[in-house]
Structure formats: structure tokens, C-alpha cells
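Next come the chains, spelled out residue by residue.
2 protein chains.
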Amino acid sequence: MQKPVLTPQSEDFPRWYQDVLTKAKLAENGPARGTMVIRPTGYAIWEAMQAEVDGRIKAAGAQNAYFPLLIPMNFFEREAEHVEGFSPELAVVTHGGGKELAESLAIRPTSEAVIGEYMAKWVDSYRDLPLLLNQWANVVRWELRPRIFLRTTEFLWQEGHTAHATDSDARQYARRILHGVYQDFLRNVLAMPVIVGRKTAKERFAGAVNTMTCEGVMRDGKALQMATSHELGQRFSRAFNISYSSAKGITELCWTTSWGSSTRMLGGLIMCHGDDYGLVLPPALAPVQAVVVVVKDSDGSVTRAASAIVDELTQRGVRVRLDDDVDAAFGWRATDWDLRGVPIRVELGPRDLAENTALAYRRDTREKTKTGIDKVVDEVQQLADRIQTDMFEAATARRDAAITDCATLDQAREAAQTGVARVPWEVVGIAGEQDLATSGLTVRCLQLSDGSLPDTDDDAGALAYVARAY
Amino acid sequence: MQKPVLTPQSEDFPRWYQDVLTKAKLAENGPARGTMVIRPTGYAIWEAMQAEVDGRIKAAGAQNAYFPLLIPMNFFEREAEHVEGFSPELAVVTHGGGKELAESLAIRPTSEAVIGEYMAKWVDSYRDLPLLLNQWANVVRWELRPRIFLRTTEFLWQEGHTAHATDSDARQYARRILHGVYQDFLRNVLAMPVIVGRKTAKERFAGAVNTMTCEGVMRDGKALQMATSHELGQRFSRAFNISYSSAKGITELCWTTSWGSSTRMLGGLIMCHGDDYGLVLPPALAPVQAVVVVVKDSDGSVTRAASAIVDELTQRGVRVRLDDDVDAAFGWRATDWDLRGVPIRVELGPRDLAENTALAYRRDTREKTKTGIDKVVDEVQQLADRIQTDMFEAATARRDAAITDCATLDQAREAAQTGVARVPWEVVGIAGEQDLATSGLTVRCLQLSDGSLPDTDDDAGALAYVARAY
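Residue numbers (my numbering), protein chains in the order written: chain R, 329 to 798; chain X, 329 to 798.
Possibly wrong hints are sitting among the right ones.
Same chains, same names: a pair is fine if it fits in one copy or spans any two.
Simulated crosslink set (BS3-like; lysine-lysine; CA at most 27 Å straight-line) [said to hold, decoys possible]:
#	residue 1	residue 2
1	Lys-624	Lys-386
2	Lys-386	Lys-353
3	Lys-696	Lys-351
4	Lys-696	Lys-386
5	Lys-576	Lys-427
6	Lys-530	Lys-698
7	Lys-696	Lys-550
8	Lys-386	Lys-351
9	Lys-550	Lys-449
10	Lys-530	Lys-427
11	Lys-449	Lys-353
12	Lys-696	Lys-530
Hints listed in this document are in silico derivations from the structure and should not be mistaken for laboratory results.
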């Protein structure tokens, strides 16, 4: 029986999280306050996320581009709510090339302002619409309480920015991204069931007329915003004069959207699926889906058999590694593969080989199955599918168990201490939301009873999800 | 006969370059001085470059990671030559979150300093070596004379950083990257013949003991540094205390390398292959390798036949597009596909269809071949290979024609006005190099007569390549 090398979740969840980051070599603090270093193990997971999200963004018709890191301060000031929201978080460059700059430059906290300027240049007629852009970039927001992946001064993300001829086209596209890119990715790749809803006015992106969100529920019952999609109405098109001439030759303002997902998703992945033994990666995402471990070997025969399994799995397209480091204790290696969250482990020792069997271990449930050595490759492939499904189902069960239906604000405040309270929005209201904030609770999103999104801030039937959040 | 829409190269090469950037919608200036916006067409080329370079870097055993954008000023000051070289180019953040910072932060101009700090933490024993890291990132260097892709205040790049137990291992790895990643990519993907050599002490990277370079020769005879690989000796390991305990238990300093390639390669691609009709992309790189153009169509039959060709090419793995925009004039569309550098164009009109033929056009030579409609798919695939080979050969012939062997400094100065002068390094020397600099000429690199790299700064047999450079 392996001993956990991490602080147990039940004892101290934040410390468990920090332990996983350190011991699985995912990331550590950077030298400047609030920054992070993403180590190769963590970055490989981010690359896998990027590939999946990027493919979905391209399938939705958006094209990648790149806009500058440094934005003149006056650009921010053009949209009043936007500058008010982001001013307190800006990092400002005042000197360049050894001289003080005539105008200071902000490091982008998000790129609506600079992209708005170029959309205005590029959009001329209705034929240029919709203009669907995305960029993968780093952004900087001065964080008061930084925590690796969850809130860092610098983080990596993709930010989509689109311009449309009509309100309805913009609305539809923002929802297409929300569901077709984010929710689909989170569900089918990260195996995360999210609560998809509309943000309240208080929680809306600075400058948006509507923010929609995918909220994940972590194993400690707290919520984490995984991705957001914003309708910006005509605010930015007015501020930056993003206009087009219609088929009738009339000049009209565009309707814009923006939407983003970031390295914060790595934090969500860790805290949604991880357990006392470390990271648990869903097979669809895992950079290494299976490892074939040589338990012991005296004459090379076990290693040869293990290599043959690795070759066969590779041929079938499984991302697999061989662990033939028999000089290190098996228990130590098993603990390490657990820590790193590799979904499937095939264990092979001399006795197994003599019996023509192998052990197939699944990381999510920590179950071992003895299987014929000639069947182990099939078993790994079936396990990969099963684990993906089971992880989503287990996470869904945890999420549902974390949600408590409440009828009053007091009940909601109580339930949200350890989980998510679902309470009619008319019971909460703007005053109740302010009141909850004094207890460190936020309305994560609003949803109608059928799971769909309210179209307005005060839909009578809306339910509020109230929780502590990262 | 199409008319060029660009300033001819022979008339004004820099203006031709600017015209290509604008008219092919590759990139434009950002709002802050010296920054750039990379538009979707340009960014798709960069993504193709990234995929090819990243694959080669991973094949060389390096792993991707991510280090912070913001670096405390004191980190730079630890390596004397490094700080001296980069200080004049730094962009400095003095304010964050609405307050003046206690210590100013530099935006990374390169990451040796911050990565050195972490290598020191992560390397403990000889078993941790070599440590092979790479990151894809943006960097900022204050440029006095910015020019899109060639010299921009912010640019995108990859920077590799490695630590080794021995000088010889570091030397070998720096060369493996130079040849196996950069030269191979430039040759086999970008179809660019480069001059591979050693930089003189004057041109060396600030902090390196040896800088090796791949120098491209542009169509105007100027040189462009495409990628560099540096041996850093023990300078950074001394400055950051990157040490390991050897098999004998003795504490030793590591030997480090760094190496990079950037969006500047986009500039090199444009200026090495481009002509008066626009961009010319090698098929191995081109995001769109072939376009099937419906010249005219009255009853849909031509479009159906063109679509069938597109489907067949897609099935064979060719990156292909259909242009069925028959409302736009064919000449205008042809000009536009030329501008964008798509390697192969299949043209199909009603008369071709009646004859069961199609025209296959190759962008590099602008030749058209009539071919049977049932053979056109094979023809496109063969053309792709042929164009790739021919573009490399044509660029090699241009490069070789641009090089003049010179025996004296005066001859070299003369020859380098319009091309590359090759002159014995002992004729130039440190004094001659200073003298050439007053005429705007630089020694691009040193090479031995067999094409190999000198091991020292003053190898008696070394030849200097002297040129104007971007």
C-alpha cells in the first residue's frame, strides 16, 4: 500500500494543491511577485489544451492573429467601464531604450482596446463581416492575492474578438463559442461538467453587456470560472468606430464579442479531478496516456515483453511511455506515476510474464485488473474510453452532490460555506448579492430551470448559483 | 498579362517589401512605436513555421516550458556583458496595480537571466543533465530603426536554454540545434540556402563565448540573420550558480547554451523568394499549397468539376482551397493569389472542361502547363515536390551569384555594396571590421574553406562574409 506524499485534501485543500504543483513539477512561483514558471510537465498539459481549444476555435471559423503586448494608455480610456475595470490592475511601462517615454504604455490585461482599433481599419463593408479573430498570448493583471494558475500577474490565454453586422449574429456567435468551443472542450476533453450561465451585472466583464460563463466545481466545493464569452454590444464599436457600410449603403456600427480561456484551466483540472495521490488526467488530454512499467527484470525478458507492448500501443496511436528503470524501487516509481496522473499503468514483472499475464491499473479509481498479456493492448484502449466516461460521471456526481437547493438567503449563505447554493435570483437580487459578498460569497451565474441562459439580468425564473470561488 | 500591383523590386526594394506586407495583408504597424500587428495571413505562415521548428526541437530532446515576461532588474546585472549588451534596449515597468514598484521590472529581451535562476534550482546531480528547455514567447527590445518582422520592439520567437555537464556536450548540442533544427528547417521547409558560420567577437550575443549563425541572402543582396545558436560557456552558470555534483561527488559548474529563431524569419522568407508579383511560398510551408480556380461558369458544371479536384487533393493530404468566386474578375483573383504566394494554381474554365483539360500554374516560375483533367491531381502533387526543389536551387544560384571572392578590404567594401563579399579574415581583422562598420558593412560570419565552422576567433584559414544586413 502506497503512502500519500501529499497533504490530504481533507486536511488542508490549498496545501494539497500547492503540494501537487510542486511534487508533480507542474509550476512554481516566478521571481517577480505573482508570476509563475510553468515547468515542462505542466506546459505539456497546456499544449494539449491549446491544441484542442485551437481546433475548435478554427472549426468555428475564427482565424489566429497577433496584436501587440504594449498598448498606449489613451486606448484604454476610450471605453469608460473598460478603463474603470482594468485601471487598478495595469502594469505600466514608463521607460524604453533608456529614456522616459512621452506616453506610458500598458501591458495588455486583455486586448479589446487594441484589437478594436484594427477592426475599425479592416472592416469597411458588410462583406467584411463577420470578422472572426483569435490570439494566443500572455496578459498581465496586477493580482493582490496571486495563486499559481488560478490568479497570476501574468497568465497565458486565448482571446477571441469578433465583429458582426447585427446584434443577433453577435449573440449567436458568442453562444456558439460558449457551447461549441468551451463547454464541449471542458466536457469531452477535460471531463469536467460545468455550470453554464449568465453573469450578474456585478460580475460582468468590464465593458460587456452580457458575460456568459462555464463554472467548474472543485473537489472542495468551491467554484472556478473556467472560460467566459462576452457580448460587447456596440460599446467598443462606438469607442473605436468599428463601422461598416450596409448593403443599402448606410454606415452602421458593428456588434462585437470577446471570449477567453486561460492557464487557469490547469488549476481547474487539478482541483476537479485530483486526489490524495496527486493529479488525475483524463485520457483525452493526457500527454502520456499509459505507461508500461517493468516491475523487475533479471535477464531482459520482461523489458523485451514490455517494449513490445509499448510498440503495439504506439502503433495504435496511444501516447505511451516505457518505464524500465528497474534500479529504482517499484513503489517509488508507482507513486511518481500516480502523482503525475498518468491515466493507465501496465505493470509487468517476471512472475506475470511466466503466467502470461499483466496488471492493468487505472489511475482514476486506482483499481488493478489482471489480464492476459496478449489482451493487454486491447484492455488499455478500452480502459482509456472507460476512464474518460467514468471521470466525467464521477465529477458530475460530485458537482451535483455539492449543489443544494435553497429558498432563502440565509440557507444559501449556509450551503455555500462548503458547496454551491442554488437559490432563486429573485430571493437574492442586487442587495442580496452585495450582502453575500461580505461573507466572501459570489453569485457565480444565473441559469433558468431548464439549464438554459436567461436573456436579461432580471429574468423572473432565473436561479442563482452562489459559492465561494477561486 | 497581369500588371504588377507592387513597386518593382529593382525600383525600390524596401518599398516593394512594405507593399507586400500591406497588399498580401501580412502585417502592419502597431500603435506603439516599433510594434507590429500580425494579420491572419501572416500568422498562418508563422504557425506553420512554429510547427516545423517545434517538431525539430522536440526531436532534439528539448521540452517546452514557460518563464515569466517580467524580470527583476537585478537578475540582468549578474552577468556583466549581458547587462551591458541589453540595457540600452530594455522596456521597464515601474508601476503595477496603481503603485510605484519597489524594484523595477524589465520586460524580457531574452530569458537567459531568469531561466538561469531556475536551472540552478532544478539541477542537483549529474543525473539531471543535460537539462534541455525551450520556450515560445514574446520578447521586447527597444529598436531605434524598427521594420516589420526584421526589427520590431516586440517580436515572437522560440528561445532554447540548456545546461550540460561538460563543455564538449554543450558545444555538440549547440551545433546539433544549429544544423539539425535551424539549417535543416531553413533548407527543407523554407527552401533557403543559408551561410552557416561563426560570429566575430564584435557580433557575438551579449554573454556568449561563441555565437553561430544561419545567414540568409535576400534578393537585394543584403544579408539577414535567420537563427543563432550560442555557447555560453560557464558565464551564466557562474552568475546564477548553476552547478551539479558529479559522479565523484564533486560540485562542478554547468556549461550552458541558448539558441533562438523568431518572426524575423517571415521577413527572410518574403525577401529571399518574393518577386514583383508578391510573396512566393515554398509548398512545404504554405498554409494553402494549391488553389483550384473556377475561371467562369454558366451552369455549375465547372464548379462541380473544380470541387471534385479539390476533394481529391484534400484526400491526398494537399492543403487546397476552392476559388469559385466567379462574380469577381478572373484577372483580379489571379493577381491576388499571386500576391499571397500560393505555390500552385489550377485554372478551370468552360472551354477547358469541354476539352477535358485544366491549366496547372506554378507561382515560382509563373509557368502554365495544360494537362488532362484526370491527370491534374497527380500533376499538382508532382509540382509541389518540384517547386520545393526548384525554389531551393534558384535561391542557391542567387546566393552564389551574390557572393564575390575578394582579396583586399577595398574590394570587399566595393563588392558588399550590392552583395556579399567573401574575404580572408586575416585581411579584415578586428581593425578592418571596425573600418567596414563605418560604411554600414558587417562581417556576417566566419567560415572555413570547406564550409565548416572555425573553432576560434582567429583561425588562420577563416573566410569572412561581409555584407550589408537587415
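A quick look at each hint next to the structure:
In this assembly of identical chains, Lys-624 and Lys-386 lie within 27 Å of each other by CA distance neither inside one copy nor across copies; the values are 47 Å within and 30 Å between. Taking the shortest alpha-carbon separations for Lys-386 and Lys-353, only the inter-copy value of 19 Å comes in at or below 27 Å, while the best intra-copy value is 31 Å. When the C-alpha separation of Lys-696 and Lys-351 is checked against a cutoff of 27 Å, the pair qualifies only within one copy, where the shortest distance is 24 Å, while the shortest distance between copies is 62 Å. In this homomeric assembly, Lys-696 and Lys-386 never come within 27 Å of each other (Cα to Cα): the closest approach is 40 Å inside a single copy and 33 Å across copies.
Taking the closest pair of Cα atoms, Lys-576 and Lys-427 never come within 27 Å of each other, the shortest separation being 51 Å inside a single copy and 51 Å across copies. Taking the shortest alpha-carbon separations for Lys-530 and Lys-698, neither the intra-copy value of 55 Å nor the inter-copy value of 66 Å comes in at or below 27 Å. When the C-alpha separation of Lys-696 and Lys-550 is checked against a cutoff of 27 Å, the pair qualifies neither within a copy, at 31 Å, nor between copies, at 65 Å. Proximity of Lys-386 to Lys-351 under the C-alpha cut-off of 27 Å is restricted to the inter-copy arrangement: shortest distance 24 Å between copies versus 35 Å within a copy.
Taking the closest pair of Cα atoms, Lys-550 and Lys-449 never come within 27 Å of each other, the shortest separation being 43 Å inside a single copy and 33 Å across copies. In this assembly of identical chains, the alpha carbons of Lys-530 and Lys-427 lie at most 27 Å apart only when taken from different copies (25 Å versus 41 Å within one copy). In this homomeric assembly, Lys-449 and Lys-353 come within 27 Å of each other (Cα to Cα) only across copies, at 12 Å, whereas the closest approach inside a single copy is 45 Å. Taking CA atoms no more than 27 Å apart as the test, Lys-696 paired with Lys-530 passes in neither setting, with 49 Å inside one copy and 63 Å between copies.
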